[in-house]
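Here the protein sequences line up with chains A and B, keeping their order.
Be aware that the first sequence starts at 697, since it is given in the numbering used here, and climbs by one per residue.
Be aware that the second sequence starts at 341, since it is given in the numbering used here, and climbs by one per residue.
Source of the hints: derived by calculation from the structure; they are not laboratory data.
Treat the numbers as computed from the prediction; the structure is a model and nothing was measured.
Glycine included, each C-beta is placed from N, C-alpha and C at the ideal position.
It cannot be assumed that every hint is accurate.
[To be verified] Ranges between beta-carbon positions, derived for each pair: (1) B:Pro450 to A:Ser723: 26 to 36 Å; (2) A:Gly783 to B:Arg571: 45 to 55 Å; (3) A:His896 to B:Glu415: 27 to 37 Å; (4) B:Ala453 to A:Ile796: 53 to 63 Å; (5) B:Ala503 to A:Lys703: 55 to 65 Å; (6) A:Phe860 to B:Arg519: 37 to 47 Å.
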Amino acid sequence: MNIEAIKSIYFFEMARTRRTLLQSVVSPVISTSLYFIVFGAAIGARIQEINGVSYGAFITPGLIMLTLLTQCIGNGSFGIYFPKFTGTIYEVLSSPVSMIEIVLGYVGAAATKGLMIGTIILLTASLFVDLSIAHPLAMIFFFVLTAVSFSLFGFIIGIWAKDFEQLNLIPMLVIPPLVFLGGSFYSIDMLPPFWQAVSHFNPVLYLISGFRWSFFEVSDVNPVFSAAIILVFLTVCLSVLAWIFRTGYRLRN
Amino acid sequence: MAPIVSVSNLSKTYASGFKALKGVSLDIEQGEILALLGPNGAGKTTLISIICGIVNPSGGTVLVNGHDVVRDFRETRAMIGLVPQELTTDAFETVWNTVTFSRGLHGKKPNPAHIEKVLKDLSLWDKKDNMLRELSGGMKRRVLIAKALSHEPRVLFLDEPTAGVDVSLRKSMWEVVERLRASGVTIILTTHYIEEAEEIADRIGVINGGEILLVEDKTALMSKLGRKQLRVDLSHPLDAVPETLSSYNLKLEGDGHCLIYDYDTSAERTGITSLLAALAEAGVRLKDISTRQSSLEDIFVEIVGAGR
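Here chain A stands alone, though its shape is the one from the complex:
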């Protein structure tokens, strides 16, 4: 194992986060605060509670997930796409580094950054609402595994993308609808039966539901299903990556 290389990639990526601190950290904090003002104050005034949880607190896990997913996909994809775009990828490809080490470096940094921002949002949220975490270990499980698997997913997108449009396609066009329709701001019990059924095909519903359960012990789906879904997603991402490593897809061809 080339530990020096993993450390080099990881800290090199984290250094970029430090350079773009304003964009990386301040911007999600501002947007989350806006969500709390708009949804918490305006809508929360009309919806007092959902399943016994105050509305402001209820939306917090969904807001964290929204940022976590977009940040992790964005960081994971950009981290590997940018060297491809500028051409500096030659150096990583010509180094004595296995693909697993490359992934550990890039995905580790992307997930770390996502977790940092998720934590900041959690702290910001606690300024607006009373938060309690009923199952801290489960919360960490969902938080970390979601960050890792979506950073992996982002990494795959970064390898696949041939231009900036493709790079932004999934984080901009696919993830927000899935998060918004995945029960971030409501319980799916509030939907008509048809849309409830449709919602069950949305994988993000399971993530948000499981994550919310770890806070308040209320969920749209059984938290065991949620844990299973995230593990399945992680396995799928790892399998796709294994295939990419074996074939050199869009990296060494």
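The hints should help you fit chain B onto chain A, whose structure is shown.
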């Protein structure tokens, strides 16, 4: 001594169907400077990219110090430094960080003293805290060389290192190359500047259309393929080459003031003695004579032209 790099029957066909390499075999000896010459699209960069691990080969093998570049990539890539053709740099990084990053990538523990030496050797020390985007093209090129040297490689690939580099920088770059060779580093360079290859390389390889046309010791190549030209300046101009000299295929140039005679140094008889005798017999008075060795460029054009 076993070659440090041994390429056998290497082929590469890209997904588009383009055959970049067609069964290339090449041995590179330890400590030599090998210049790879070839027109654009000849396969030079593909060959280097496969040896360095950037591109997967379609067939054949490459051994670096006895290790297979695919199977034992950790051993081979740790020994190799690569300076790519394109000026690809992380615009927002500092010189120091980007060179330190390269060393870490190659699995070496941090060694600020070595990085300092490399930067000083390449006259980059005073720029170590500058962001790469602030540097000129020539300095960026030197940063790429510094990155390639950061992990103390035994084999260094320089892909068109002097493209777009001014004369003085080019000279100082070759001084660095000379010092590296003196320290035992094997150097493989590709270049369009044939005079460079002629000046610094020990051996010359010519590649075209994905095939190695020849690999020869530079001096042997020059003497084997080198043609010479005898130029005879005349005291009085001639209207035409005299009939009696027609067998020498002379060319009359300079408004009849000069006769040009091409001859082959490797031939048994160059024909110079008899030509001079024949000139005297024909009553042609000579003012001066000089000879010129054909350059590597002439040889290159000849080889590549013959391969077409």
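Now the hints, each set against the structure:
Checked against the hint of 26 to 36 Å, the C-beta distance between B:Pro450 and A:Ser723 comes to roughly 33 Å, which is consistent with it. Taken as a hint, the range 45 to 55 Å holds for the pair A:Gly783 and B:Arg571, whose Cβ atoms sit roughly 48 Å apart. Checked against the hint of 27 to 37 Å, the C-beta distance between A:His896 and B:Glu415 comes to roughly 52 Å, which is inconsistent with it. Restraint check, B:Ala453 to A:Ile796: a C-beta distance of roughly 31 Å breaks the suggested window 53 to 63 Å.
Against the hinted window of 55 to 65 Å, the Cβ-Cβ separation of B:Ala503 and A:Lys703 comes to about 34 Å, which falls outside the hint. Separation of A:Phe860 from B:Arg519 is about 42 Å and conforms to the stated range, judged on CB atoms against 37 to 47 Å.
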